[in-house]
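J.: Below are the chains, spelled out letter by letter.
Protein chains: 2
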Amino acid sequence: MSNRFDIAVVGATGLVGETILNILAERSFPVGRLIPLASARSAGRTVEFRGEAFPVQVLDDFDFKDISFALFSAGAGVSAAHAPRAVGAGAWVIDNTSQFRYDPAIPLVVPEVNGHALDCPRGIVANPNCSTIQMVMALAPIHRAVGIERINVATYQAVSGAGRSAVERLRRDTEARLAGKVPAAEAAGPSIAFDVVPQIDVFLDNGYTKEEMKMVWETRKILEDDGIMVNPTAVRVPVFHGHSEAIHIETRTKVTVPEVQKLLNSTPGVQVFDKRAPGGYPTAVSQGAHRDSVFVGRIREDISHPRGINLWVVADNVRKGAALNSVQIAETLANT
Amino acid sequence: MSNRFDIAVVGATGLVGETILNILAERSFPVGRLIPLASARSAGRTVEFRGEAFPVQVLDDFDFKDISFALFSAGAGVSAAHAPRAVGAGAWVIDNTSQFRYDPAIPLVVPEVNGHALDCPRGIVANPNCSTIQMVMALAPIHRAVGIERINVATYQAVSGAGRSAVERLRRDTEARLAGKVPAAEAAGPSIAFDVVPQIDVFLDNGYTKEEMKMVWETRKILEDDGIMVNPTAVRVPVFHGHSEAIHIETRTKVTVPEVQKLLNSTPGVQVFDKRAPGGYPTAVSQGAHRDSVFVGRIREDISHPRGINLWVVADNVRKGAALNSVQIAETLANT
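Taken in sequence, the protein lines are chains U and C. Letter by letter, the first sequence follows residues 9 to 344 of the working numbering. Letter by letter, the second sequence follows residues 9 to 344 of the working numbering.
Mixed in with the good hints, there may be bad ones.
A pair holds if it fits inside one copy or across any two, identical chains being indistinguishable in the list.
[Stated by the list, open to error] DSS-like cross-link-like pairs, simulated, lysine-lysine; straight-line CA separation at most 27 Å:
1) 262 <-> 218
2) 270 <-> 189
3) 283 <-> 262
4) 73 <-> 270
5) 218 <-> 73
6) 189 <-> 218
7) 283 <-> 218
8) 189 <-> 73
9) 262 <-> 189
10) 283 <-> 73
11) 262 <-> 73
12) 270 <-> 283
By construction, these hints were calculated from the structure, which means they are not laboratory data.
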């Protein structure tokens, strides 16, 4: 491997793909060739990287020859069809979709939490779901210290998690409602302008949505503990960038608020912001958007349980929840 | 008592007061004299009732003589100063503030849940907090049937809970952010346009906010069971009307989803709307605003607990959460 790495970004014109390009530049990742890839629909478009325009190439026609890292974020179907091809050509695939996450042979990685899982043969590495990443970032140090038995979590998820079209729709529907109009119905589901919607992804047979079950399955896999019980309600809110989560945990042995603060204060990638005063907690707009850290506030002992702790966790779902985490995986692999 | 009742509405120019007037008219409450009251600041204003304009009278100058029902929603301080005076003049006081809620001698009433508590000497009756009312409406039948041990709840509360100025501020701040501007800072706290804010009311010593502790104290008092453990996180969201709540309960004995649906389907004031399909659940805009029922969806067995049930509960916080509940209390008292 050279000191520079040839990189393919699949879904380069999407919100996550564009953010991956920005983060590769910001973090001075040693990029050799950069190949932005998308479907034939995006042919003729360019994307910007370090101030230069790069023509978008058609994924179907690209052979992944000499590519070190292929970062996929173009949907599960695209990953299913093309990731094996990229691996066959010798690339590491870092996949942002749910396609391979639940395959026991494929590592699911948040570098600060289970980076050791990257000590594996070259192949596919799965990037977890955005709502899971910020939760395990805050909970991993607590789980390591005292064990977590159960998690009740309710999410407040930004529309950017559903891609650029959802961001544009929130703006358009908000303007419509402010003007006293009813937003146009869309196949993507009901409008969330000035509303909250308790469904993200499809419903499963047990009555949970797939987004909720991702938080169950992925938390156990990343924390390497199938005994952790997780009970999520996942909700979309009219926020552009930044997911928030009300997390109520029950630990195996009792832990106090100062102990939790101390654990989180010494965790790379986590920032505690907890003042018990107006504005003294993270919010999506203040801390969650366009920042790299996972922010934790509202830390308090649960008055309803002898070993309960409550936290409020906020992060940029497109950065740490997707693009940044993918680039961090590539950095870790590049350094080994 | 005559067949018609003289009514005083304290805080008649506010959002709740105005809604009380609308609901008295809608429900054909047998109103004799109607006296809208407010502070001297509102002198000269009129309010509308059944298509007629009524001049607002100054609270300080009013003696409550012959008033049957005085409905207060002008803040705890106003109730503290004037409710005893109204009772002294012979009125029932129905108080929408937190001033008297935690006094063991004063009934705290949701008529469908604990209407029997109105079998009491004439005096003050407290109207519960909006987020508590819709929660106990959904939980009371379950508690009666199988007992509830513990409640984890995260709220998604509309700005109308903070009054008309908060509704106007959300509109103004949303327009500002759509135009790329930063909303003006206000003493009321950070803007929630396109954001969610995990603080409602002030912080208490245990790290919970007062809004959260209201849900603890009031749930126990209304359900008449101090053994119920409640763990709330209360969050304001950029919604105009309608609170939503993700409620995760643990029951004393196991209850199934069909049993919960059956219990709730036969509960007056509650409507189950639960389809496990896009749009097949209540939301603030679709069901929660300008409707009288409490809507329940997303009913499912909690996979993390052997006796857990999850629900999503939506209601109009200004109607069932405040004005409607107050009028229902008056109706119950008028009929006894």
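J.: Checking against the hints above, which ones are violated?
T.: 2, 4, 5, 6, 8, 9, 10 and 11
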